[in-house]
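> Below, each chain spelled out in residue letters.
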Amino acid sequence: MSAVFDGNPLTVTMQTSLAHTLQNAFSPQELAQEIKSFISGVDQNQGRKLSVREHARCAIRLLRSVPACRGAVLEHLRGVYNEHVSAFLHNLETDGEGDGDSNLEDVITEVHGVLSEFIRLNPRAWAPLVSTWAVDLLGQLSSKHAGRRAAPHSSSLNELLQLWMSCAATRSLMEAYTQCLAAMIAWCPDQCVDALLDTSVQHSPHFDWVVAHIGSSFPGTIISRVLACGLKDFCSHGAAEKCQGDKSSRVPKIGSVVGILGHLAARHSDSIRRELLRMFQESLRPPAITPSSGSTSWEHSVQLRRAAVPFLLQLAALSPSLLGAVSAELVESLRPSVLLQLQAVLQGLPREELDNMLGLAVHLIAQSPAGGARVLRFLADTATPSIISGPTPSPHEGVREACDRLLQMLLLHLHKLVYTCSEGEDGYYNRPHSPSSQAPRVVPFLEELQSHVGELCAETLRLERKRHLWLHQLLCLLSVYGGHSVATEALCQLLTLARNPDELALAWQLHTPLSACLPGLIPAAVKRCVAQVHTHTLGPKQLCQLLLNLASAVQSVQEEERRVQGGGAGGAAACPKSSMAVQVGAAVSGHLQDFCPLLLHCDPAVSHAAVRLMSRSPLPRAASPSHLLLICRAAVTHFFLALRRRGDAAEARGGQGGEAVNCSVLLLSRLAGYSPLSLKCVLQQLVEGALHKGNADLFGGQSEDIGGDTPISPSLTPDRGGSLLDINCKFGTTVNFSGSVWSVFHAGVIGNGLKQRSPTPRPEPASVIQNVQTLLAVTVQCCSVPPGNGGNGGSARQQPSVPSEPPPIDAEAAKAMAVTLVEYICPDVANGELSWPPEEHSRTTVERDIHIRRCFEAHPVLFPLLHVVAAGRPALCYCSAVLRGLLATLLAHWEASREPLAVDSPWQLQASCMLVSCMGEGQLLPPVLSNVHEAFPYLTPFEVRLLLLAVWEYVRGNGPMPQKFVFNSEKGLFCRDFSRDGDVARYVAPIHSVLHKNIDRLGHLCWRFQL
Amino acid sequence: MMGDMRQSLLRRDALSAAKEVLYHLDIYLSGQVQNSPSPSVDTPTLELVEEFILHRRMSALQELQLLEIMCSCFQEQSRDAVRQLIFSALFTLQGNQADESRMALLGKLVSMAIAVGRVPILECAATWLQRSHTVYCVRLASGLVDDYCSLLPGSMVPTLNNISSSSPQFCCQFITAVTTLYDLSTEELSPPVELLQMVVSWIQDDPRLVLVTLLNTPASSSQPMGSLDLTPLAGLVCWCVKSPLAYRRDRKQGLSNGMPDTKPEAGPLFSALHLSVLQVLLLLPGVLREKGLLGRLALMQPEQLTSLISDLSRLLEELNPLQGDTQTHTQLTLERLAQALQVAMAAGALLCSREDLRALCSHLPHNNLLQLVLSGPVQQSAFYPHVNTPPLGYSPRPLGPHLSAHSPHPTSRSPHPSSYPSYPSQPFIAGMAFPFRPSH
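Those sequence lines, one after another, are chains A and B. Under full-length UniProt numbering, the first residue of the first sequence carries the number 1, and numbering increases by one thereafter. Under full-length UniProt numbering, the first residue of the second sequence carries the number 1, and numbering increases by one thereafter.
With the rest of the complex left out, here is chain A (with noise of 0.2 Å):
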C-alpha cells in the first residue's frame, strides 16, 4: 500500500495493493451471506451442501476480510487438517487402497499460502496467532494419531519426524511455524518458545519430535530457552523436594527437556555443551551485575540462580549424552575463582539439598562414560592440600574440604557398586535390567580408568600425602571391578615403576586386599611382567628396577625364613607379607628361564639385577631338562662374564662386580645342587668355559697358542647388530655348545675389513689369581654340595671364600669335571683307556701328548682344576689319558735336556711337580711316590727324569682304576687301600739312589720317601 500525497489539492490517494481488492472486493451482504454458508456448510445461494473444500475455501475467504472469523475460521482449519492426516494415515495403513481423499491437500496448500502470505505481510500481527495455532494443532495432531498403526513409536525421533514430514498437513503447520518463530525470534522469542514447550509437556513423548525438529532450525534460541524453560520449571517445583517424591510431576518438562536436547545433540552438541557451560558460569556470576543483555530473564532471578547448578546436574543424571557432552569441558572451566562462585552460590543452600546434590554429582562422576580422568585429576588435585599453608586457612579450603569429600564419597561410592552385587537401595542406581540378569554392572567411570591404570599407578607412586591414598584405593577398587587383567596391569606397574621399599610396599598393600577375591594374581602378574620383558617395551632402567623389585620381593621371604629359623616362633604363617613374597617367588622360579637373556644383557646393571633375582629365587620345583640347561648354560656365561666385569670395574671404581660373581657363585651353586643333571651341566659349563680361549686369559691362559684366532672377548666387542658373535652367543633352546660353535669365527664382518687383531690387554697378576680362586671356589661349592639337596636350601651355606673345614668334594661331580677336562685336552679318544701301557709306548701317541701339553701350557688354570678333580676320589682316574700324555711329553722333556738343573726349565719342572701332587691328591699313587715332587727342584733333569720314570712304572703296574676306591663312611671319602696293591718298594729304589746321590741337598727330604 502506496500513499501518494501531492501538494495542492491536499488529498490522499490510496492504492490497496494487488489481490487484495479484488479478492476483499465483497460487499457487506456478502460477507454477511458468506457467513451463514461458513456456519451452517450450507451454500446460501444454491442451498445445497458445501464440500470439505468449499467449506475450506469459505473459511480461506473469510480469513482474509473478516477478523471477527478468524478464531472460528482457524478451529475450522483445524478439522480440515486432522482430516488430511487421518486420511493420509489411512493410506498408509492400507497401503494406498482407499482412494485417499488427498485432494484436500491443495487446499492445506491454500491456507498455507494464505498464511504464510499473512505472516510475511504482518509477522507482528500474525506471527504470535498463527504460531500458537500451528503449535497448538501440531500437539493435537502428532498425540491424537499416535497410536495408529502407521505411526511409529514416540521413542524413535527420527521415524516420527520422517513420517510427519511427508504429511503435507503437519509439514504445512511445521513450515508455518518456522516461518512465525523467524518472524518472532527478533522480538519475543520467549513467548514462542514457552508455547512450544507448554505444548510439549502436554502432548509430552508424541510432540518431541516437532521441538527437536524446530530446535534444528533454530539450534540456538531453542537451545537456551528450552533450558532456561526446563529450569524455570524445575525451580517452580522446588529442587529441595526429594527427587524421589514428586517425581511423577517434575518428570515431564525436564524429561522433554532431556528428550529434545538429546535429539539436537547428534547434530548440535557443541551448541548445547556452549549452552550448558554458559548456564552453569552465568549462574555463578556475582548478581551485581546489572541486567546488561536483556535477552533472558533466569538469570536475574536469585532462586533461579541458585537452581540452576541443581538442575544441571540433574539433566545430566537423566541424559548420559548430556552429560558425556558437558563433562570434560565443565571440569576445564572449574578454574579457582570459579569454585569459589560456587561455593558462595551453593553456600545459601540447606543442608540437605547439599547432600542430595553431592550424592548426584558422585553419582554422575561415576556414570560420566569419559573424561573420567581428567576429573579424577582435578579432584585429587582440588583436594590435595596446598603445601605451603599459612597460619589462618586460605580462602580456599572450603573448596579444598568439598572435593575432598567429593573424593571420598565418590570412593565410598564406587566401592558399594564395585563390591555389591545386588540392587542397590539408593534410587540412583535404578537400573532396569540389572536384578534379573546378572550381567555385571557397568560403571562407566571406572571402565574409562581402566585404560589408564599406567597413569594412576605412576601418580600414585609419587606418595604425595593425601593423594596417594586416594588413588591407591582407586586402584584397587578398579581391580576388582576390572577383574583380572586389571588387577594384573596394576600389581604389574607397580612392581616396574616403584623405586624404593617405600614404593614396593604400595604394590603389597594393593595385593592383600586384592588376595581375597582374585586368586593367582601375583603369578600372573609376574607373568606380565615377564611378557614385559619379552616384548622389549622396558628400557634398561625400568628392566632392571623390575627385576631388583621382584629380587627384593624374594629376598623377603628368605629374610623372613632365616628370622623364623632363627628365632624358632611359628610366625611365619602370621605374616601376610611373606606369603605373598612365597607366592612372587614361586612366581619368578618358574619363569627363571625367561629371565636367563637377562643375565648377558648389555647394560651392567640390568645382568647384575637378574642374576640378583635368580640367585634368590627359589628353583623351580620340576624344571623341565632343557629350562634347566639353559640356565645353567646362562648362569655359567654370566658368571665369566661377572668376572670379566669385575676385572673391568676394579680398575675403575669397583664395588658391584663382586657382589655380582658373588651373586653368580651362589646361583651357580644352587644351580649345582638342584640334580644331578644340572650339577653336571654346571660343571661341564665352568670347565668349558674356563678353557675357551675367550675367557682363557682370565685365569692367565694364553689363547694364541691354541687357535690362530685373536678372541675377541665380548666386553671387547662393541654390541654389533649383526655381530656374528652375538648370534652365536645368543642361547637358544637348541643351540649345542660344544667346541664348534665357539671357533666359527671368521675373518671379520664383510664390509668392515679385515678383524682388527687386538692385542688382548694382559689381566693383572693379582686379577688373575683373584679370577682362579673364584673359579676354584665355585667349583668345589658345586662339586660339593650333595646332589638332590635341592636349590632352596643353598642360601644357608656359608660363603665360600672362608671355608673354616673344606666339604667334602662329590665324587660323581668330580667325575663329571674330569670327563668334562678329558673331552677338552683330549679330544683324540684313541687310546683312552685307564690303563697305562709301558712307558715306550707313548711314541705312538706323540701328536696328541703334544697337544695336550700345550693344552696344559695355555692354560695355568688347568692346574687347579686338577686338583680339584683329584680331591674327589676317585675321579681322577678318569683324567688318566691327560695324565699319561702330559707325563710322556715331561719325560720327553727331562730326557732331552741338556740344562745343568731341572729348574733351568721352570715350566716343565712346576708341571712335573704340580702332576705329581695332583696324582698324589687322587691317590693314584702312594703317598711315597705322591712326594717325590718336593724333590724336583733340586735335581738335574736326567734325575727328574727318572723319578718320573718311576712314577710311570707305578702306575703301569697298578692302574688308576676307579673300583679300586672304597668308600669311607667315616671320611665321607671314597680311598684306596695301597696295601692290596703291589710292593711299592720297587718303585720306590730310584728315588732312594737319586737320595744317596744327592745326599748333600736332600737330607731333609729324606724322611718323607720312608716306606
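If you're looking for bench data, these hints aren't it; they were derived computationally from the structure. Heads up, a few of these hints could be off.
[What the hints assert, rightly or not] Result set (SDA-like, lysine to any residue): computed pairs, CA atoms no more than 25 Å apart in a straight line: (1) A:K36 x B:Q75; (2) A:K466 x A:L417; (3) B:K19 x A:G47; (4) A:K36 x B:M103; (5) A:K997 x A:P864; (6) A:K971 x A:P926; (7) A:K36 x B:Q77; (8) B:K19 x A:G41; (9) A:K466 x A:E332; (10) A:K527 x A:S451; (11) A:K466 x A:T384; (12) A:K144 x A:K232; (13) A:K36 x B:L61; (14) B:K19 x A:M914; (15) A:K36 x A:R57; (16) A:K49 x B:L15; (17) A:K416 x A:G324; (18) A:K36 x B:E76; (19) B:K19 x A:Q33; (20) A:K36 x B:Y23; (21) B:K19 x A:V42; (22) A:K416 x A:S451; (23) B:K19 x B:L61; (24) A:K36 x B:A17.
Using the hints, position chain B against chain A.
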C-alpha cells in the same frame, strides 16, 4: 420465572441457551420500553446474560454463530430504544469478572458489524463508547485497529472506510479512542500508517465528522467520569504537533536496524491532518455558539496541553541536536504548536491565559511564530467571545503557507491579505448545514 427459565436453559447446549437468552432479552426489553416510562434492565436478567452468554464456554465456531445471531437480532430490531437497551444489557460494564468476556465478545461483535456493515450495532457501539470508561474504549479501539489495520491490511479500505458514511457517530468515537490510545510516546504507541491514512481521509472528506458527538450531545448532559473526550481534537493536535519529532526518532531506529522502510511517508499525512484540524477548529465557534457553550466548554483541557508540552520537551531532549535536520523538525513542531494554540484560543477551544501559556512554553526552544503567539496583543476576543469578533475576523491571517513553512516567513503584525491566496476552506465555514444533527 427466572428460576424456571434458568433450569431449562441449563439443559440446553451453550449456543441455543445463548440464543434463548437473546430472544428473552428482546421480548422482555420490548415490553419494558412499551410499558415503563424509564426502561431499565433488572439484575436477574443481567445475571442470566452473564451466565449463559458470557460465561459459557463456546467453541470459536459457536461463538461465531452467536455473533451472527446477535447481528441479525440487532438488525431486525426496529426500535432504537429497544436496541440500545439490549446492547447495554449485554455490554454495559458491570465491574465484575464477566467484563473480560464482555469486552472480548463486544470486540468481535463490533469487528464483525464493521465487516458486514451492521449500522445499528455501530450506533449502539458509539453510544457505548460515550458512556464507558476510557480504558475500555481504548481497548475496543485497539482491537479494531489490530483487526483491520494489522491483521487484514488490505481489507480496511472498503470495509472500515464505509463506516464513516454509514455511522459517523461511531467513526467519531473511534477516532477519539484511537487518538487517546496512540500518544506517539513510543513506537508501539504510534498509529499505524494505515490507520493514519484512514483517519486523514475521513476528516478530509468531512471535517465535521470530528464534531459529531459534540453536536449530538445535549448541551446540558454531563459526561460520565473518565469517559472519552467529546471530540478527538486534543488528541489530533497532539498527533500533529508531536509527529515531526516522534517519527523522526522512529525512522532513526528503523534505519539503524537496517530494515527497509516500506511504509508510506507519515509526514505528509500529518501535514494534511494538521490542516484539517485547524479547519475543524475554525468551525468550532459556530457550533459552540449554537449550543450556547462558547467560552464555557474547553474542548482542549489545560492538563492535556501541559502534558503535550512536557512530552515535547522530553522528545526534544531525546533528539540528537547534532543531526542535520533536527532543527527543521523542531521548528516544524513548534510552529504547528503555535498555530494550533492560536487557532484553538481564537476558536474558544482552549480556555487559558497567555500568561499561563508563556509559563508552560518557557522551556521550549525559540520559535518566532510561537513567540509571536505567546506575546501577541491581548486578544480580548478570545476571552470574551460573545462580545468580540467572530473567528471569521481572523481569516485574513496567513495561515495556509505556514503549514508547510520550511522557510520561515517574516511574520508581521500587519497582515498582507493581498499577497496571499484566499483561504481554501473558507467556503466550508459559511452556512454549512449539519447533517448529523439529531433528528429528534
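> Now, for every hint given, state plainly whether the structure supports it.
Evaluated hints:
no.	hint	in the structure
1	A:K36 x B:Q75	15 Å, holds
2	A:K466 x A:L417	23 Å, holds
3	B:K19 x A:G47	24 Å, holds
4	A:K36 x B:M103	24 Å, holds
5	A:K997 x A:P864	32 Å, violated
6	A:K971 x A:P926	19 Å, holds
7	A:K36 x B:Q77	19 Å, holds
8	B:K19 x A:G41	19 Å, holds
9	A:K466 x A:E332	23 Å, holds
10	A:K527 x A:S451	20 Å, holds
11	A:K466 x A:T384	7 Å, holds
12	A:K144 x A:K232	28 Å, violated
13	A:K36 x B:L61	12 Å, holds
14	B:K19 x A:M914	147 Å, violated
15	A:K36 x A:R57	14 Å, holds
16	A:K49 x B:L15	22 Å, holds
17	A:K416 x A:G324	23 Å, holds
18	A:K36 x B:E76	16 Å, holds
19	B:K19 x A:Q33	20 Å, holds
20	A:K36 x B:Y23	19 Å, holds
21	B:K19 x A:V42	20 Å, holds
22	A:K416 x A:S451	21 Å, holds
23	B:K19 x B:L61	14 Å, holds
24	A:K36 x B:A17	20 Å, holds
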